[in-house]
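Chemist: Turn these sequences into a full structure, and let the hints guide you.
Heads up: the sequence lines are chains Y, Z, E and U, in that order.
Here the working numbering is used: the first residue of the first sequence is 18, the next is one more, and so on.
Here the working numbering is used: the first residue of the second sequence is 18, the next is one more, and so on.
Here the working numbering is used: the first residue of the third sequence is 18, the next is one more, and so on.
Here the working numbering is used: the first residue of the fourth sequence is 18, the next is one more, and so on.
Simulated from the structure, these hints should not be mistaken for laboratory data.
All values reported here derive from a predicted model rather than from experimental measurement.
One or more hints might be untrue.
Which chain U residues stay away from chain Y? Per the calculated CB distances, all over 12 Å, these [to be verified]:
#1 K112
#2 E120
#3 K121
List of simulated lysine-lysine pairs, DSS-like, C-alpha gap at most 25 Å [what the hints assert, rightly or not]:
#4 Y:K97 with Y:K25
#5 Y:K25 with Z:K121
#6 Z:K109 with Z:K127
#7 Y:K112 with Z:K25
#8 Z:K128 with Y:K97
#9 E:K25 with U:K121
#10 E:K109 with E:K25
#11 E:K116 with U:K25
#12 E:K25 with U:K109
The C-beta atom is built at its ideal place from N, Cα and C for all residues, glycine as well.
4 protein chains.
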Amino acid sequence: MENLEELKTYLRRYAAERDWDQFHSPKNLSMALSVEASELVECFQWLTEAQSENLTEQQLRAVTDEIADVQVYLVRMADKLGIDILSAVQQKILKNEVKYPAEKVRGSSKKYTEYE
Amino acid sequence: MENLEELKTYLRRYAAERDWDQFHSPKNLSMALSVEASELVECFQWLTEAQSENLTEQQLRAVTDEIADVQVYLVRMADKLGIDILSAVQQKILKNEVKYPAEKVRGSSKKYTEYE
Amino acid sequence: MENLEELKTYLRRYAAERDWDQFHSPKNLSMALSVEASELVECFQWLTEAQSENLTEQQLRAVTDEIADVQVYLVRMADKLGIDILSAVQQKILKNEVKYPAEKVRGSSKKYTEYE
Amino acid sequence: MENLEELKTYLRRYAAERDWDQFHSPKNLSMALSVEASELVECFQWLTEAQSENLTEQQLRAVTDEIADVQVYLVRMADKLGIDILSAVQQKILKNEVKYPAEKVRGSSKKYTEYE
Chain Y
18 MENLEELKTY LRRYAAERDW DQFHSPKNLS MALSVEASEL VECFQWLTEA QSENLTEQQL
78 RAVTDEIADV QVYLVRMADK LGIDILSAVQ QKILKNEVKY PAEKVRGSSK KYTEYE
Chain Z
18 MENLEELKTY LRRYAAERDW DQFHSPKNLS MALSVEASEL VECFQWLTEA QSENLTEQQL
78 RAVTDEIADV QVYLVRMADK LGIDILSAVQ QKILKNEVKY PAEKVRGSSK KYTEYE
Chain E
18 MENLEELKTY LRRYAAERDW DQFHSPKNLS MALSVEASEL VECFQWLTEA QSENLTEQQL
78 RAVTDEIADV QVYLVRMADK LGIDILSAVQ QKILKNEVKY PAEKVRGSSK KYTEYE
Chain U
18 MENLEELKTY LRRYAAERDW DQFHSPKNLS MALSVEASEL VECFQWLTEA QSENLTEQQL
78 RAVTDEIADV QVYLVRMADK LGIDILSAVQ QKILKNEVKY PAEKVRGSSK KYTEYE
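Modeler: So, in structure tokens, the structure goes:
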């Protein structure tokens, strides 16, 4: 798996071979994606922030698996909708550069929580 | 933005320039990621599955933005934990090939909902 | 358990007896609540809407358990923040009555998805 | 609004008056519920645990609204499935008392994170 493009192709074949395309409407995939994201939250819910920066090997393995699951469903959903993820990111980043210019952010008394 | 590696590097600089690293503990990033995943769910919550496969241009634009946000936080979190996303996916895929072999899945009376 | 008030009292004692209050910051409880909400989503993610209205006995039992979990964490979080849930609902309902008056909604060509 | 039963009745009429029942399949309601739960997470995502215990008035108002939204969708979903929330909670609590007996939990070296 060298890049997202290869992952997309792999996942297409994977679903086709199992006849699972019928379940993969964008609506359903959005649900599956958010479920995986929550399994990631579950890994961290009772940890302090400091603990979340120093995971045990077992915790790290669990987190790694969940990150993979989120990526898989994200690529699958984007493919189903004909969206190129890296282009989407590129566009979003340009918007954010305009919205939150670094030089204004650093000098500002505005709180981080007010930016989101 | 050619690949996830470039995105990782970009996001590091983006956070550093704004002094936002202090907020990006893995715990907090898991929360932000799941919030973005839910914004994706929000795009689909009142649509039928068929409608979710035929988005209007406006709906598609909103979905594209949310997909970008999920990818951004996923790369950011993986970076903070020293996880290589594509390797993580590779490992997970191998596990799934063993767990759900195509030839057994196709001939099976087992329901899709029982696989997850 | 006759009402939310009794549940609140029960959960206070339950946590105190186990020395679990230390983990129940509102931040952590919001994470736990969303994880439980996602477990509910997981019950429905591959079902059609029609299937979701005709659950098997086993599916219904799973859903019932998850609904209980969401209610438990919601009461716990509200208690920690001194929020009375039913008063909060009352206030929100009044806002919504003003925002979405029935007589205007019924006659409207506006789509449901545009109200949220 | 004196109790969950009254809220259920109110929400039935509210949806009927607006002809919104058609959108309220359990599948869709699970999505809406999780979206509201994530809006609660959003209130806390960049706060420290200590800050989450000392919200500003404005933050508390936002949290109160989101808690109301979660409760509303939870009651709506339970109603659609014929589930009595307080009975569901009662049953779940009994299971948890058996699973996590207070006297064993207190004396135990087991971590909280291992209980979930």
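Chemist: For each hint, tell me whether it holds in the structure or not.
Modeler: Do the hints match the structure? See the list:
no.: 1; hint: K112; result: holds (19 Å)
no.: 2; hint: E120; result: holds (21 Å)
no.: 3; hint: K121; result: holds (19 Å)
no.: 4; hint: Y:K97 with Y:K25; result: holds (10 Å)
no.: 5; hint: Y:K25 with Z:K121; result: holds (23 Å)
no.: 6; hint: Z:K109 with Z:K127; result: holds (22 Å)
no.: 7; hint: Y:K112 with Z:K25; result: holds (18 Å)
no.: 8; hint: Z:K128 with Y:K97; result: holds (22 Å)
no.: 9; hint: E:K25 with U:K121; result: holds (23 Å)
no.: 10; hint: E:K109 with E:K25; result: holds (21 Å)
no.: 11; hint: E:K116 with U:K25; result: holds (20 Å)
no.: 12; hint: E:K25 with U:K109; result: holds (15 Å)
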